[in-house]
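A.B. asks: Now for the letters of each chain:
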Amino acid sequence: MKKKRLRVLMFGWEFPPQISGGLGTACYGLVSGLIQHNVDVLFVVPKLYGKEDKDKFRFVDANQVAVNFDHPSFNENLKKISYLEINSRIVPYVSPEEFAIAQESTFSDVKIDNTAKTLQYTFTGKYGADLIKEVQQYAMVAMQIARDNDFDVIHAHDWLTYQAGIVAKEISGKPLVVHVHATEFDRSGEHVNQDVYNIERAGFQAADTIIAVSRLTRRILIDRYGIPPHKVVVVHNAVVPRSKVIYKKENLLDKQIVTFLGRITFQKGPDYFVEAAKKVLDQLPDVHFVMAGHGDMYLKLVERVAELRMSSRFHFTGFLNSAETDKMYGMTNVYVMPSVSEPFGITPLEAMRSGVPVIISNQSGVAEVLKYVIKVDFWDTNILADSICGLLNYPKISKTLAEEGYKEVDGLKWEYAALRVKEVYQETLKQLK
Amino acid sequence: MKKICFYFQVHQPMRLKTYRFFDISKDHNYFDEEANRRIMRKVADKCYLPMNQLLLDLIHQYKGEFKVSFSISGTAMDQFEMYAQDVLDSFKRLADTGCVEFLAETYAHSLSALKSPEEFKKQVERQAKKIEQLFGQKPKVFRNTELIYSNHIGWMVNQMGYKTMVTEGADKVLDWRSPNYMYQNEHVPELKLLLKNYKLSDDIAFRFSQSSWDAWPLTADKYVDWLNSISWTEEIVNLFMDYETFGEHQWHETGIFDFMYHLPRLVLERSEFKFCTPSEAADQLQVRGSLSIDNPISWADLERDLSAWLGNHIQDDAFDSLYRLEEKVKRIKDADLQRDWLYLQTSDHFYYMCTKFFSDGDVHKYFNHYNTPYEAFINYMNVLTDFEERVNKHVAALDAKPKASAKVKEAVKAKVAVKSTPKAKVVLVKAKAKPAKKTVKPKAKVVVKAKTVVKAKPKAAPKAKVVAKTKAKPTKAAKKKK
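Sequence lines, in order, name chains A and B. The first sequence begins at 312 in this note's numbering and counts up one residue at a time. The second sequence begins at 7 in this note's numbering and counts up one residue at a time.
If we strip away everything but chain A, and leave its shape as in the complex, we get (with noise of 0.2 Å):
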């Protein structure tokens, strides 16, 4: 007897090639492994913006979705949603320059039909001041997209999906599997944001299953939104891959480089990354230091980079675009990513996968898989220091780690991933039988 193919309801706020997080490309890391394991997945975004590859993946526009709201079910699950403030400006993963943008943007947004008593919404896509609204919109039209489509299992991934994916069990009746990539508390420190924690956790209770991309993410569950420790699962995320690619050195060419890349926000600890790079400038005068992205801390860090007077060492360069990116791991000798709180944290791997030596902090998911990395608890700049002249001083150890770092990376595999969800979607459908 032929086995029936599982199929997935999926939905994601982001997608390659249009990302501006690690949440798009993990979603198509993970969804082209679930294909390779025969899984069917209809993934459901607010916007396409037409570069998406159609061939290889099946997508839903939010956007094009006509939301029949005669339909009996429609008013008692708009209550479920309605219940947040309109307008509460949340804004999550966000540059300045997006948000600038996201603010002047006026949401135009609802399409009526009446004859056909139907609403279509339009969607940015875009983390920007209108979010909750568009959260709102993106469930509505979920319940439209459930009533439409035959599926066996719903995947919702972060908060943003987590209403709809809430409302989608609601009206068909099959299981939930929410996947945590990061909290509020991850985003936020203790400043979290009421109404994106309720959203949160009514998505952990409302799912069969939870997967958290890694057991520092799982802990944050059980501990701070109270969830039974059996319905939380693993799955680490991995990296999609890519052939090796050592990027030539083009600036400072004989100076050692240590980068920090990421956005400059709390959660990324670009201030540790700063008071180390001052312990290391005392030992090593010659050293260069490069920030590279954009956040909220950045002004203030510019100005204590001057105030400890390394500014001829240490530099800013703003955002990168991905070209940029790649030499910018060309030139690097040293790469830090010294988190706060990071549920998992994928450009350490993409610095290893250039072949550049990695020092990560303890606080970090991905600190959970990798061994040929340097782990240092994020507060401690001393250690870090340390670390940093170590790896600069002793070529030895920098290649070694360059080395397997590369290999051990190479073995993280989405296919690996993907198997492993896939096994979770048959557990979960299991235990409702």
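Don't read these hints as lab results, they were simulated from the structure. Incorrect hints may have been included.
Heads up, simulated EDC-like pairs for lysine to aspartate or glutamate below, C-alpha to C-alpha not over 20 Å straight-line [claimed, not checked]:
#, chain 1, residue 1, chain 2, residue 2
1, B, Lys334, A, Asp597
2, B, Lys399, A, Glu715
3, B, Lys52, B, Glu254
4, A, Lys611, B, Glu381
5, B, Lys399, A, Asp565
Note that the coordinates shown come from a computational prediction; the quantities given were computed from them, not determined experimentally.
Got chain A sorted already, so can you dock chain B onto it with the hints?
C.D. replies: Chain B in isolation, oriented as in the chain A frame:
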């Protein structure tokens, strides 16, 4: 008989282009040629050319009764040569009248006086030489960048042979005294000081077109009334301002050219004032008081101090990073590098990094093409990083080169030493003849040093203590991995 002394500042910086981190090591051309050309042409057409013509006409009309003076930075003269030969020619025509004096300043319109006496002197000599070469007169009066002045700067300027200097008539140093007299440096009495009457100067330079000002609109008649109301005992009104006031800061439509057209006639007809140049003022007036100014003053902002250019972290770090290269740069002959060294010292770069937006933000924004001071700072530091790399390469080449010929050099040195002994004696004799200056010098220096101490905030210190011994040793974490 009272005097009016006009001095106009002519300056354009070499603006930097957008220079990104990835340009370091690859692009050694730092300056925004397009913007510099465009701005020079704009200011030439709106200000330099029409105003020079007006001044030339007035000088001819009043046959030697109307006089003005200019200080022109080296960076401005360079840009005239590059983009505005017509402006240079019109300044030459003004020079030929004999009624126009040109002052000395630093070539790069720099803050070098605050950092390096040697660099300061070099730049002053270079600018004075350029003035002489272009306009056929050797400057006798000195004006420092942004009228920055202190006892110590006065002493250095006098050491270079200048007997007169212009600076700001700042309330905080004058107190109850009037700027309308000639003063001297209390410690270097042979240095005469002409002080800007900031009220009457700013009436023209800043307030002229301000319709909210109760004296608006300002006419030449009204202005002469004000001049006439000055006490009969006072001797000189120094009107110092940016030359770009005429047509650029105050647009043509405000009537600023008409004002200047009528002013000389009304002054000569209706008042007892005569126009003079700074040198004439210094020759003809008596010193009426002496000033001791420990902390540098300037003509900028409400504070009349250095805070527009230095004092916040990003300014100070950029400034110190630049001058840290001085010793190396001195050894290098390369003309391009020397030119860039000069242009990078221009005070405007540090002005763009000013963060005190509250009291004088409007003026600052007007002169600043960067969105934020931080943007200006990062751009400058990127450029400076490339510059430092070039400097180091040159120095490495110098160090590597002449090992073989070192002996020859030593031999040459020995010869020179023998030759130079008689000269050295002469110098000694001279030094003995003028002991007075030497006693002044240390005092002034202490003052300057004290200032820097105050600036260096001790914030970084406690952290430094915690610094681990970053021994050349793999860390525990690294060891575990093995």
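A.B. asks: Is the straight-line distance between the alpha-carbon of Lys399 (chain B) and that of Glu715 (chain A) 20 Å or less?
C.D. replies: 35 Å, violated
A.B. asks: Against the 20 Å threshold, does the CA-CA distance of Lys52 (chain B) and Glu254 (chain B) hold or violate the hint?
C.D. replies: The hint holds at about 6 Å.
A.B. asks: Does Asp597 (chain A) lie within 20 Å of Lys334 (chain B) when you go C-alpha to C-alpha?
C.D. replies: 16 Å, holds
A.B. asks: Assess, step by step, whether the Cα of Lys399 (chain B) is no farther than 20 Å from the Cα of Asp565 (chain A), and give holds or violated.
C.D. replies: 11 Å, holds
A.B. asks: Regarding the pair Lys611 (chain A) and Glu381 (chain B), is the alpha-carbon distance no greater than 20 Å?
C.D. replies: Holds - the C-alpha atoms of Glu381 (chain B) and Lys611 (chain A) are around 13 Å apart, at most 20 Å.
Going down the numbered hints, you'll see the structure goes against just number 2.
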